[in-house]
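Protein chains: 2
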Amino acid sequence: MTDDTHADRRERTAARLRAVDADGLVCFPSRNLQYLTGFEEEPSERHFLLAVPTAGDGGGHDSGDGAARSDGTAPALLVPDLYETQVREETSVADVRTWADGDDPVAAARDLLADRGLREGRLLVDDTMWATFTQDLRAAAPDATWGLASEALADLRVRKDDAELTALREAAAAADATVRDLRELGADAVGMTERDLAAWIADRLAAHGGTGVSFETVVGSGPNGAKPHHGHGDREIRAGEPVVLDFGTRVGGYPSDQTRTLAFDGDPPAEYERVHEAVREAQAAAVDAVAPGVAAASVDRAAREVIESVGYGDAFVHRTGHGVGLDVHEEPYIVAGNDRELEPGMVFSVEPGVYLDGRFGCRIEDLVVVTADGCERLNDTDRGWR
Amino acid sequence: MTDDTHADRRERTAARLRAVDADGLVCFPSRNLQYLTGFEEEPSERHFLLAVPTAGDGGGHDSGDGAARSDGTAPALLVPDLYETQVREETSVADVRTWADGDDPVAAARDLLADRGLREGRLLVDDTMWATFTQDLRAAAPDATWGLASEALADLRVRKDDAELTALREAAAAADATVRDLRELGADAVGMTERDLAAWIADRLAAHGGTGVSFETVVGSGPNGAKPHHGHGDREIRAGEPVVLDFGTRVGGYPSDQTRTLAFDGDPPAEYERVHEAVREAQAAAVDAVAPGVAAASVDRAAREVIESVGYGDAFVHRTGHGVGLDVHEEPYIVAGNDRELEPGMVFSVEPGVYLDGRFGCRIEDLVVVTADGCERLNDTDRGWR
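Going down the list, the protein sequences come from chains A and B.
1 is the number of the first residue of the first sequence in this note's numbering; add one for each residue after it.
1001 is the number of the first residue of the second sequence in this note's numbering; add one for each residue after it.
Please keep in mind that the hints were generated in silico from the structure rather than gathered at the bench.
There are no misleading hints in this set.
Non-contacting residues of chain A with respect to chain B, defined by C-beta distances greater than 10 Å in every case (computed):
#	residue
1	19
2	95
3	340
4	371
Under 10 Å between C-beta atoms, here's a sample of chain B residues computed to sit facing chain A:
#	residue
5	1132
6	1216
7	1230
8	1319
9	1330
Beta carbons: idealized from backbone N, C-alpha and C, even for Gly.
Bound-form chain A, shown alone (with noise of 0.2 Å):
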């Protein structure tokens, strides 16, 4: 993404920000401040603030400072000083003003709503915002109501650019690679616990030019399985057991989420084998199901039917799936009662399962984006257990 980017993206809040009748938009760091400016950080106990007023007379909202209003309505930043070299080099924000620890950054954070008249009207806040941060900026701005980031940015985000694109892609080919490595460790998983199994998917990963892992890593073997979050413990993985795997990492910051069940030297109970399948059907129901105006809820339903009609239905215990961008989860929701319609660029899940409580999990993941009259899985290995 190029500076550009950023600039562009942060003008087009502005002019959103006015259409969901928001007079400006404060972030913290979040992916909205990533989104929004390029700066990837994680949020601390230390104010680091992004307001953006919106787009031309600030939504018909006095400010009752006329004269700090006149001082622009650019986006600006406020950051705790230690960062502030970063934040020069590493953003296209012009605005950036500091904060030293010792001093006060409430009165800081007020000084710069103040400045961009953002001391009322209505304000949105990350949805990931802190509370002690909503809470101190509520303070700042007694007068203000309060909205969700969501609102202005969610549609913004939701339908995925080529850069964007391109980075899922190749997130999902490092995943893509790992699930065929696992496939030739076979038999050599069996004794290893979770733990070490989590270990070993990280530094392949790595290996096929990710970074980091995008969420805790999910290998749970036999019972565990039947967790759906369960990430991973010091349980050994045992020879014919089912063992659902999922797992992802990052490239161009932008994050890979895909899951395959896996059944390591050895073939799985009988009933597992028959699940399985119904989870196969499902996934590739769901996945067929995708297109340019149909309803979210409706891929959740492809899904489902399929389940319930091996008599599973009740085991099925999660959505289909969400959407995939800078967050891991975000819009659109893949769920029952979900109207909204899909869109070329969305891209999410579709990622049924079965859980049976003391026994085993499956589930197989794999993540699409909506073309012009249908969709392309980003993720195309075996779904199989073997």
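Position chain B relative to chain A; hints supplied.
Frame of chain A; chain B shown alone:
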């Protein structure tokens, strides 16, 4: 930590809520949740809430729903149903409610609050709770007023018990062993990229018994070291240049966090040697200043005076330290203006640094625990640059 530990912490929290005039506490997946239940999970978009009402009479507020209140004042969890098995296995919270994808989690949260008499009064939320959840809670309890969990929990969490100190010592030992490995690596580090060395450090931390990294590993070579929060990039490490190495891992859920600045294969610039010596003296002076009853700000002052005396005061751009516990940054903050008196059992970093823009940085950091008459260093490897 045993279930008893967590149940005891919940009871002390309920009592403490009354002391800070709060009616209840609401956590989401956070270090507070981990402290109170043992359950460790990253936040996600799904509603996952722990409600802890105040002990006894509910703090004197009428709930307007006496029948519901008589259901009890025990803590209760509301979790996505795909976590149910895990939560019941891994926590001792008796009242666990679930919601499924496609249900309305906000209605479920409202019911939870109503059942516990928490739809009004003064409620505390995790300092790190995402805005999307605080906004939902405000909608579910429109007559409540809001504070931060740290008001009640910081004082409980700030003094570490023996089990916590054991974990912190083990995590520190894994980091110290990795520092020794780095000195042995020596000239072999030259030519590695910062990224490669960060991956090497992660491997060594794991080999020494750590789980993951407790924050993004800093490998700040040459001029990158002058950016205190530089992580690691593609720059290759050169012979004789100072490299800031700041990293940690977790053992038993608790993190390490220490820094050494090393020059691999050759001597650093003469000015660097003077800077290093000043930082080392500043760190020693600050550690010497630590004792019960001493103000946190005095420890910061002790470090700063040494660095100011040799003319680098403006280049010491951050506070001297931060508390370390389940959160890598927590109270007490060792910063100008913090009059809080140190107490036995507090654990924090002592990490003065000097940063010369475009040239190099130097930081030396150890964790210390306050004892009855001074402090114990949790890290104790050589502090030289060689």
